[in-house]
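*Asks:* Go ahead and model the full structure; you've got the sequences and the hints to work with.
For the sequence shown, the positions run 1 to 531 when the working numbering is used.
None of these hints come from the bench; they were simulated from the model. Given the structure is predicted, the values throughout are model-derived calculations rather than measurements. Cβ coordinates follow ideal geometry from the N, Cα and C atoms, glycine included. Among the hints, erroneous ones may be present.
Said to hold, decoys possible - Listed next, with one range per pair, are the computed distances between beta-carbon atoms:
| no. | residue 1 | residue 2 | range |
| --- | --- | --- | --- |
| 1 | R326 | V468 | 46 to 52 Å |
| 2 | T66 | A516 | 46 to 52 Å |
| 3 | A34 | V468 | 56 to 62 Å |
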Amino acid sequence: MPSPVQVRCCDASGCRSAGSQALRTALEGARDAAGLDPSQLTIKPVGCLRQCGSGPLVACDRPGRTQLFGGLAPEQAGALIAETLANPADDLADHRIDLEGPFFALQRPVVLEGCGQVNPESIDDAIAFGTYAQLQRILQELSPEQVRDEVRRSGLRGRGGAGYPTGLKWDTVALQPPGPRYLVCNADEGDPGAFMDRSVLESDPHRLIEGMALAAYAVGAERGFVYVRAEYPLAIERLRLALQQARSRHLLGNHIHGTSFNLRLEVRVGAGAYVCGEETALLLSIQGQRGMPQPRPPFPAQSGLWGAPTLINNVETFTAVPAILREGGDWYAAMGTEHSKGTKVFALSGAVVNTGLVEVPMGTPLRTVVEVIGGGVPDGSPIKAVQTGGPSGGCIPAERLDTPVDYESLLELGSMMGSGGMVVMGQSTSMPEVARHFMGFSVNESCGKCVPCRAGTVQLAQLLDRFVERRATAEDMERLDALCQMVKVTSLCGLGQAAPNPVLSTLRWFRHEYEAACREPSDCVATGRVR
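*Replies:* Dropping the structure here:
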């Protein structure tokens, strides 16, 4: 049994880049110098402790009390050991992070409940935390139909961005004619400013595996894939290790827990193309082909991998499933709003004091997330806008920050939930420059299959250059709007269809900045229109 006195060191990518590995080595040395052994004080590598901008993060646990510290140097390891052993160190005062403050107190961890608690490289630690308990119970007590019923009752919607009802998708796959079925986890998280899936993969990979196994049982799949972007080397390493450990414990493979349920899971590494986050392109990539979107119908739930029904959900969706089945669908549905149930994980970044991972109930006002939990702009100036949904989303002005975070409300503002990136912008941010930045991303990531996206995004980027360089005309204003509408309506897949969103939302809420960028602003004011 581990010691009740322990130090949890964040070992996710963000804290590693801030020096967490050197700090952990120093802590182990300080423990040895104090004459202690691991049975007296455990030093445990864990996943993301959420307040990423304060890394490296370290949590000190002793009976009845937990303290969190950020920004420590290896030279402070001795003081931290003393603090853990109830010998307060004055030089750590400026590094203490208030666990009762809004950043943590207003969150509701469901997907993130194991992040920062378990050692991501230890299946024993995961099992001790409760991982795989639901898999064993469900296989012995519930039918696939009963599992799907709980998921439907929960109201869970896909967290990859589209918000399609998860239970309905599972039913569609399960009720296809007899034959093989496949399971795919979309971990191709490519949005700028998004790091939710990466953090879960690095912090709690066994929880994802359990969620995928439960989904496979519910729909009748016996083979699955986790499609991870190549830019996530630590996530890939830990996921592969977790899969190997799960196989060694017979939690994957044949006759799991002595039942007739069989499941093989494997990792597929993406080739760096953002468009492979689109489900039909992703499926082609898994099959070894060039990832390019395909017309629908048929949808993957009907005809996906190798023509078989295929269930595709993202990391956050699968990871929510064990908690839903543990507590019940009604428990999950009690959180959130009428049409957007449960919680949502956001990657909060940009001009904000507290950058990091935030999990809150759906319906939480944007203002609560960015001003109360996030702490607002570091210099105390007002927030200008919040960008949600990555290159497919839009910019929401400060006067609309009381909008609840749910699928429908964000769409009404010209943005979208997306996978969960949330970038805060201060007063000095130029909105035409923001639009050009995201349009440039879409230009680079377009697969080129359809003309509206391949050529239209290039033309939009060139038009935005004229506004940023303050040489636009009134005709450019009209052309910008018309071209946005054309690309949005005629593109083949979600990349092209959503590429104009940052332009349209900034035109809608910050039109005066485009007008000011015209050579003759009065002409733009007189003739410019945005639909």
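*Asks:* Please check whether T66 and A516 have a Cβ separation lying inside 46 to 52 Å.
*Replies:* 51 Å, holds
*Asks:* Should the hint that A34 and V468 are 56 to 62 Å apart at their CB atoms be regarded as holding?
*Replies:* At 58 Å between Cβs, range holds.
*Asks:* Taking the beta carbons of R326 and V468, is their distance inside 46 to 52 Å?
*Replies:* With a Cβ separation near 51 Å, R326 and V468 satisfy 46 to 52 Å, so the hint holds.
Going through the hint list in order, the structure satisfies each hint without exception.
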